[in-house]
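Student: As given, the protein sequences belong to chains A and B, one line each in that order. Residues 32 to 368 (this note's numbering) are what the first sequence spells out, left to right. Residues 150 to 470 (this note's numbering) are what the second sequence spells out, left to right.
By construction, these hints were calculated from the structure, which means they are not laboratory data. Hints may contain errors.
As the list claims (entries may be wrong) - 30 Å max Cα-Cα, derived BS3-like pairs, lysine-lysine: (1) Lys149/A x Lys159/B; (2) Lys412/B x Lys452/B; (3) Lys34/A x Lys215/A; (4) Lys149/A x Lys283/B; (5) Lys83/A x Lys283/B; (6) Lys159/B x Lys441/B; (7) Lys266/A x Lys34/A; (8) Lys283/B x Lys238/B; (9) Lys256/B x Lys238/B; (10) Lys256/B x Lys149/A; (11) Lys283/B x Lys344/B; (12) Lys326/A x Lys366/A; (13) Lys412/B x Lys238/B; (14) Lys83/A x Lys215/A; (15) Lys283/B x Lys256/B; (16) Lys238/B x Lys149/A; (17) Lys326/A x Lys263/A; (18) Lys344/B x Lys159/B; (19) Lys149/A x Lys452/B; (20) Lys83/A x Lys256/B; (21) Lys215/A x Lys149/A.
Model, not experiment: these values are computed from the prediction.
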Amino acid sequence: MAKKSYRQAISEALRQEMERDHRVIVLGEDIAGGAGGDAEQDAWGGPMGVTKGLLPLFGRERVIDTPITESGFIGAAVGAAATGLRPVADLMFVDFMGVCFDQIFNQAAKFKYMFGGKATTPVVIRTMYGAGFRAASQHSQCLYNIFTHIPGLKVALPSNPYEAKGLMIQAIRDDDPVIFFEHKAMYDMEGEVPDESYAIPFGQANVTREGDDATIIAFGRMVNFANTVADKLSKEGITCTVVDPRTTSPLDTETILETAAETGRVVVVDEAHPRCNMATDVSALICQEAFDKLKAPIKMVTAPHAPVPFSAALEDLYIPSMDKIEAAVRSVTGKSH
Amino acid sequence: MQLSREDLLKAYRRMVMIREFEEAVHEEFSAGSIPGFVHLYAGEEASGVGVCMHLNDNDYIASTHRGHGHCLAKDCDEHAMMLEIFGKKEGLCGGKGGSMHIADLSKGMMGANGIVGGGPPLICGAALTAKTLKTGGVAVAFVGDGASNQGTVFESYNLAKILNLPAIFVVEDNGYAEATSSRYSVAGSQVNRGKAFDIPAVEVDGSDFFAVWEAAREAVERARNGGGPSLIHSRVLRYYGHFEGDAMTYRPADEVANYRAQKDPLMQFRRRVTEAGLLDGSALDEIDRSVKDRIAQCVVQAKSAPEPTEADLLTDVYISY
Chain A
32 MAKKSYRQAI SEALRQEMER DHRVIVLGED IAGGAGGDAE QDAWGGPMGV
82 TKGLLPLFGR ERVIDTPITE SGFIGAAVGA AATGLRPVAD LMFVDFMGVC
132 FDQIFNQAAK FKYMFGGKAT TPVVIRTMYG AGFRAASQHS QCLYNIFTHI
182 PGLKVALPSN PYEAKGLMIQ AIRDDDPVIF FEHKAMYDME GEVPDESYAI
232 PFGQANVTRE GDDATIIAFG RMVNFANTVA DKLSKEGITC TVVDPRTTSP
282 LDTETILETA AETGRVVVVD EAHPRCNMAT DVSALICQEA FDKLKAPIKM
332 VTAPHAPVPF SAALEDLYIP SMDKIEAAVR SVTGKSH
Chain B
150 MQLSREDLLK AYRRMVMIRE FEEAVHEEFS AGSIPGFVHL YAGEEASGVG
200 VCMHLNDNDY IASTHRGHGH CLAKDCDEHA MMLEIFGKKE GLCGGKGGSM
250 HIADLSKGMM GANGIVGGGP PLICGAALTA KTLKTGGVAV AFVGDGASNQ
300 GTVFESYNLA KILNLPAIFV VEDNGYAEAT SSRYSVAGSQ VNRGKAFDIP
350 AVEVDGSDFF AVWEAAREAV ERARNGGGPS LIHSRVLRYY GHFEGDAMTY
400 RPADEVANYR AQKDPLMQFR RRVTEAGLLD GSALDEIDRS VKDRIAQCVV
450 QAKSAPEPTE ADLLTDVYIS Y
């Protein structure tokens with residue numbers, strides 16, 4: 032198996048699916064970059080270079096640079112999906128959903144239900160999320176919890192390159208609308224990624240570490256933080272189970288409840304703001320379904336209830352850190368230094 | 150291309166179907182037998198039918214909250230529609246959509262839409278599908294004068310033009326966005342808005358079936374031949390309020406009565422085809438009678454049709470979950 036970056040893994044998934052199915056198209060702002068100009072036609076390949084190289088392979092018919100009009104092109108992707116294409120639209124930063132949310136939550140998410148089951152809307156909306164880039168308040172949010180709230184949408188949060196490729200392939204083949212969250216601080220992260228095509232089913236959590244003392248349930252980039260903390264603590268005899276739910280909708284409640292019950296001590300790590308986020312959602316689930324198995328109150332490690340700050344000093348304080356996760360594990364296990 | 154006798158009969162039947170359907174819904178809503186919100190298309194029949202006469206099941210339309218007429222113009226089943234508006238299990242959408250979300254994708258009807266300006270981006274997508282998969286289809290977005298001020302509409306004009314999409318935008322201007330006159334709310338003109346994007350645009354009297362049909366013929370031909378988008382500004386009048394129950398105090402008292410007497414689209418059509426000797430009055434009378442009976446039958450059946458049950462509540466949220 033070759034080492035590939037998160038960026039390459041997603042790019043490879045897109046290319047392989049476009050080769051497999053002529054109905055798959057990609058569209059978005061600067062998805063190639065260069066349309067209409069007199070210089071390089073595949074100038075950017077998306078803001079992070081994920082789609083670079085698709086234009087020469089598939090042409091402008093299937094790699095479509097759009098104007099900066101998110102309502103227009105996200106809506107077009109939804110309409111195209113409802114009529115026979117399988118579009119992968121790039122909503123550059125999830126923060127921009129404010130200008131096109133209607134097309135996602137009132138249109139794409141509801142067609143199947145409102146139309147009595149007769150609509151199929153296989154659209155994928157790729158979007159960047161997360162803090163750590165000094166990108167400030169309007170380019171750093173998580174917001175996956177907002178999409179998770181909407182019935183009819185599926186939400187994927189790949190935590191490493193292997194996950195990214197398999198979940199993207201599943202997203203494209205899935206017949207429901209999928210919002211695919213890529214953490215902007217992870218594009219250069221490398222990992223083993225098979226060359227061949229493979230799909231990771233939605234709603235099946237990945238248990239990345241197994242332990243006896245605590246269960247850490249983490250989302251997206253935070254899975255890596257949780258793994259690092261678990262590895263560190265294991266050296267002093269505190270062993271943790273780490274759960275990566277992979278998708279927040281559908282959510283693998285079974286694995287979450289089983290692993291929570293096994294240790295009875297739970298930490299939930301979510302980079303999103305603390306109110307109505309995945310941490311509160313998962314905590315409520317465990318309290319309702321496995322309260323009698325808990326040996327200590329659940330700890331949530333999240334960002335604070337504040338916009339993402341610009342200053343590096345402040346942003347570093349804002350993001351849930353490995354130190355905070357470690358402290359939470361020590362707290363629920365009662366094992367301090 | 151000319152309208153054959155069959156086309157004329159079909160067009161008249163569809164217009165009468167819309168009128169009778171909406172009159173029946175008006176009556177039943179007033180009587181309290183229809184739940185929720187309804188917005189009626191009565192008075193605007195020639196506009197939707199004049200456009201949709203050029204379309205087939207391979208072509209898509211996106212409608213508005215005032216969607217019953219567009220559905221019928223696109224040949225959706227009136228019986229299943231009536232059941233849907235009554236919220237019944239056998240309704241066109243299983244009783245889950247209702248008046249504002251009636252759709253039948255098998256007929257190319259992408260849905261009435263509860264969001265003002267929701268349809269045009271979707272239609273760009275349907276037109277993109279037609280262009281990419283070379284289906285030969287076109288896609289039509291109906292919007293009202295209210296929606297014509299939404300950003301989604303301008304974004305769609307732009308997208309349709311730069312991608313040269315087979316899309317047609319029909320601005321059905323009934324003079325009022327809810328309770329606010331389009332004379333107040335719309336800056337410039339609809340035609341000039343289209344022209345600003347280099348989209349061919351015309352204004353038509355939307356009460357005149359033949360004028361709409363002619364404008365739509367050009368637009369649909371242009372789209373089918375790879376000529377890109379068009380805009381039609383269709384001036385119409387709605388006979389009822391924004392929603393059923395609207396007291397319409399923002400309208401002059403005699404506005405609708407005068408229009409009905411002078412410009413009613415069904416009356417105009419009848420006069421035109423009988424005076425030109427294209428159809429005789431008795432054929433039209435027969436359509437009037439049979440459609441009236443059909444709609445009455447739909448209402449009776451809708452009232453006694455079974456409701457959805459608890460087993461239906463959670464179906465069709467996802468294809469797989």
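Student: Against each hint, give a clear statement of whether it holds in the structure.
Tutor: How the hints compare with the structure:
Between Lys149/A and Lys159/B the CA atoms are separated by roughly 27 Å; this keeps the pair inside 30 Å, and the hint holds. Straight-line distance between C-alpha atoms of Lys412/B and Lys452/B comes to about 34 Å, which puts the hinted pair past the 30 Å bound. For the given pair, Lys34/A sits about 19 Å from Lys215/A by alpha-carbon distance, which is consistent with the 30 Å threshold. Among the hinted pairs, Lys149/A with Lys283/B is consistent with the structure: their alpha-carbon atoms are about 23 Å apart, no more than 30 Å.
Between Lys83/A and Lys283/B the alpha-carbon distance is near 26 Å, which keeps this suggested pair within the 30 Å criterion. At most 30 Å may separate the alpha-carbon atoms for a hinted pair to count; Lys159/B and Lys441/B meet this at roughly 15 Å. Proposed proximity of Lys266/A and Lys34/A is supported: the alpha carbons are some 27 Å apart, at most 30 Å. As the CA atoms of Lys283/B and Lys238/B are separated by approximately 36 Å, the hinted pair breaks the 30 Å bound.
Note on Lys256/B and Lys238/B: the hinted pairing holds, with a Cα-Cα distance of about 20 Å set against a maximum of 30 Å. Distance restraint check for Lys256/B and Lys149/A: the Cα-Cα separation of roughly 11 Å lies within the 30 Å cut-off, and the hinted pair is therefore satisfied. Distance check on the hinted pair: Lys283/B and Lys344/B sit about 27 Å apart at the alpha-carbon level, within 30 Å; holds. In summary, the hint linking Lys326/A to Lys366/A is supported, as the alpha carbons are separated by about 14 Å, within the 30 Å threshold.
The hinted pair formed by Lys412/B and Lys238/B fails the criterion: a straight-line CA distance of about 39 Å is larger than 30 Å. With a C-alpha separation of about 16 Å, the suggested pair Lys83/A and Lys215/A falls inside the 30 Å cut-off, and the hint holds. Between the alpha carbons of Lys283/B and Lys256/B the distance comes to roughly 18 Å, so the proposed pair stays at or under 30 Å and holds. For the hint pairing Lys238/B with Lys149/A, the CA-to-CA distance comes to about 14 Å; that is within 30 Å, so the pair holds.
Pair hint Lys326/A plus Lys263/A holds up; C-alpha atoms about 23 Å apart against a cutoff of 30 Å. At most 30 Å may separate the alpha-carbon atoms for a hinted pair to count; Lys344/B and Lys159/B exceed this at roughly 33 Å. Between Lys149/A and Lys452/B the alpha-carbon distance is near 24 Å, which keeps this suggested pair within the 30 Å criterion. At roughly 38 Å between alpha-carbon atoms, Lys83/A and Lys256/B are farther apart than 30 Å, so this suggested pair is violated.
Between Lys215/A and Lys149/A the alpha-carbon distance is near 36 Å, which puts this suggested pair outside the 30 Å criterion.
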